[in-house]
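Please dock the two separately framed chains into a single complex, following the hints provided.
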Amino acid sequence: MTTPRLTAVEVVGHRGEVADYLDRESSTLRERAYAVARTVTDPELPMLTLGDLGVLRDVEVTDDGEVVLAITPTYSGCPAMAAMRDDLVRSLGEVGIKARVRVQLSPAWSTDWISERGRTALAEAGISPPRHGVATTRHTGPVPITLGVTRRSVTCPQCGSAATELTSEFGPTSCKALYRCTDCLEPFEHVKEI
Amino acid sequence: MTDLHRDPESSEESARSSVGNLPKTASTDVAHQPTHPAPNPAEAHGSVYDGLLEGDAAHWAFGTDFEDPLAGVDTTIPEGVDARALAAYSLALADDALIASHRLAQWTSNAPDLEDDIALANIALDLLGQARLLLARAAAADPSLVPALPEGSPVPPEDALAFFRGDQEFRNVRLVETGNGDFAVTIVKALLFACARMAVLERLVDSRDTVLAAVAAKGVKELTYHRDYAGRWFLTLAQGTEESRRRLEAALRQVWPLYPELFDTHEAERVAAEQGVGVDPATTRDEVDAVLDQVFAVSGVERPEVGRMAAVAGRTGRDGMHTEALSHLLAEMQSVARAHPAGQW
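The listed protein sequences correspond, in order, to chains A and B. For the first sequence, UniProt numbering assigns the number 1 to the initial residue and increments by one for each residue that follows. For the second sequence, UniProt numbering assigns the number 1 to the initial residue and increments by one for each residue that follows.
Derived by calculation from the structure, the hints in this document are not laboratory data. Do not rely on the hints blindly, as some may be mistaken.
Unchecked claim - Every beta carbon over 10 Å from chain B, so not counted as near; a handful from chain A, in silico:
1) Met47
2) Gly54
3) Val95
4) Arg100
5) Arg102
6) Trp113
7) Arg117
8) Gly126
9) Val134
10) Thr155
11) Cys159
12) Thr167
Claimed, not checked - Chain A regions said to be covered by chain B (calculated; three or more residues, Cβ under 8 Å):
13) 32 to 46
14) 68 to 82
15) 105 to 111
16) 140 to 147
Remember, predicted model here, so these are calculated numbers, not experimental data. Note that the Cβ used here is the ideal one computed from N, Cα and C, for glycine as well.
For reference, chain B alone in the conformation it holds in the complex (with noise of 0.2 Å):
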């Protein structure tokens, strides 16, 4: 196109002289001048896009296709096991981790520095990856669970209980739905569940199911970089400035009648628990509380004395029932995907 060969300086030049002294025509409103103009096959010069495909896509992140993440991986349901309580257990690990991800993930570009903004970000990506790996069990274990696809679809099930699912289909505990706060309201969110979620996966790691055992495995890795991310900034704000020692003790009011959730029993989890392939949550309450006294031990601060945040008709996060944060995180997340759901990507 002739645009892509335009000199950029005479560009400029033509279009700082348009205004006000010539009509406004295709040419010359540069406001409405698309800024990359869209390659055309048609061309017989070709355009600058061409060849930037051939050979090797690989390198390019836009060329690469989603991959299944258990490409080759043996899902096969463990005997005697209910594939669909299976699955239902695998989606709600797996929302967890999503949506912890999303949330953290929003901090990208507004940490307090950039060590934090990559920590954080980090921090998501295992806990996206996590989540990928989680879906697609979930999937292959009960497709039933996958929301139905216009015909031709290409998005994979992993991406379409993902993006495809309203916010009532989510199985997430409510802590990781809720807002980010300050920076102190996201350590305490991060180090309440990722010492909740260490101790599920510490025992998952023997679960029946090798998929969710060796998700397991390689999360209690991550896990431990997580929580100790998490622990040593809440000692450093607890130990900081009056400040942020403020911020941490608030922060740590606002967000603990969310904590109890993380061990409610859910039906998923006794019945995956019961079949030898997932953890009851409860059964880490003791563990968990003492870690975590250890860490407001050495912070000198005091376990908060709030009570838990009520379930609406006896339903919490687990059965679908979340705040309205969850609503809005699904907007801003799956608009894209929903928009289009025969994109290639």
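Next comes chain A alone, as it looks inside the complex (with noise of 0.2 Å):
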């Protein structure tokens, strides 16, 4: 698994920060690119960045100088992949670096990889964050079917009570379940776990 592994710049999360790390003569392109690169918003979920959804999977700096960066579908006819190509590229080239965007399919993307700090802007944008560590348990042997309804312990992002009911398990991005709150009665979106 190829994971972005630059913990130079780990620290380096929002815009104003990275104005600020860019003036830093020591750092270097890839360190640049990748400071630039993970403040991207996602299309779809602006209050993400790609850095926290987990698209953002590498960026590599080759022989020749160019800057590669690898993102990964969310699902696999995620209509987004395009939008995301052309706002790294602009976004790198507006501070001078000349970009590539590859696609790496594997290992495919996981709610997982969503990072805490997304997590927690997803909550606060009224979008039930997916649980954590449930996408990534094995299964040995087939997936089994599931015909009753799946329990999940979502809480209502608006008022916080847990008695929530699934409306659907398909809503309007593919990345997301629809559920209602029975006590203040509120539809909401939950980034269901994959």
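This is the structure we're talking about:
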């Protein structure tokens, strides 16, 4: 599994911090590219950066000095891949870095890759974040079919109540299920675990 | 253009007053007024469309270019694997997903309720994504599969395969091409297809071809949701009303003859399995039967006792022998692309 390994810039996340960071002469091209790329936001979940969503998988600089970013789709049919690519290329271009984006299919994206900050940002935006550690539980043998309603302990992002019910496993984007709070009666979206 | 600056209220007013008392001219014949005049780049003062595409075109769906779904992915053929066999196998898996996706997409705005409209469209989108990756994989492995298009056509290989092949060149099983029928028929088709595809993809994650293995790994996650959705609706319809049960049982009898074909070992599958890149669907039959038996048992439905749909001169969907339904589907799906083989989308 290839993941961004840039511990030097792990603390850098928000646009303001990036500007400061880029002033440091010691930063390498790869670090600078990563610092910008990870702050680009998802077209469908604009409260999340591609770094926090976990779709930005790698940043490398080729021998020719070209920056190559790797992104992975959340779902096979993710219609936002081209938008992500264009946003990345443009954002890096704005700071004078010429970049190319490649698709990385393996390993398959998991909601477990959404960072803690990403989960918080989702909740603050009224979207129930996926539970951590559920998705990657390894099955031995075939995945069983589930004919009953999926039981998740999902709390309402509006009022915090645990009295919620599933409306549909499929929502307005591939990654979300529809829920309803039976206390405050607000409908909300839950990022389902994959 | 002046039309764009006209006050819509006064425009309607003049259209109404023209009826019956004025001779129809180009400006008063409202029936032949273009509703959205095309922008004229020669207009000195520009048009309302100016500026829309400046800056960040990525925010406009129509402003984004086609993305090669395998951009930068290593599509090297594994050692000892016949590229044409790998391509033929990928194409079969792609066509199953593409045609199933198109059928499900036909439910959009027609489903029993909004949630199911969205659910069926989501499942269709997942399958379309799988189809794109698999078509691109097939094209990369064997470019000779891709239909020739006019010189300079911007149509990428995956689209050439989807939109410029005739019915006999499609390799999908016949189950996916048959009509949607009522909601019960669609649910039965979705259940049988999801169960069978799930079992294949669960094994395909070990493919020696890293692209197929990656598509399968992601596909398993998606199919899990598709199969649960279809299974739950199957149970709901079976245990719902007398009418829903009657329809479900009728749907099961109608669709069942197409089930065995899902497990036929076609030449493309046999070779791909031998070379360690594909899965022989016959090896999944017992497992899929067991999953379905579980659904039937919980639903209180008997496994149908009807024979399989005959092959035609020994040929079925994987051989390009299809039902009439596929021709109608393709006519709808391909017409726009075929009318504009050099179109930029």
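The hints, checked one at a time:
1. Met47: 16 Å, holds
2. Gly54: 14 Å, holds
3. Val95: Its Cβ never comes within 10 Å of chain B, the nearest being 16 Å, so this holds.
4. Arg100: 8 Å, violated
5. Arg102: 2 Å, violated
6. Trp113: 13 Å, holds
7. Arg117: Holds, since 24 Å exceeds 10 Å.
8. Gly126: Consistent with the label, Gly126/A stays out of reach of chain B, its closest Cβ about 19 Å off (over 10 Å).
9. Val134: 12 Å, holds
10. Thr155: 21 Å, holds
11. Cys159: 23 Å, holds
12. Thr167: Contrary to the label, Thr167/A does not stay out of reach of chain B, its closest Cβ about 6 Å off (not over 10 Å).
13. 32 to 46: violated (count 1)
14. 68 to 82: As far as the segment 68 to 82 of chain A goes, the hint holds, because 10 residues have Cβ atoms under 8 Å from chain B.
15. 105 to 111: holds (count 5)
16. 140 to 147: Coverage by chain B holds here, the residue count being 5 at a Cβ distance below 8 Å.
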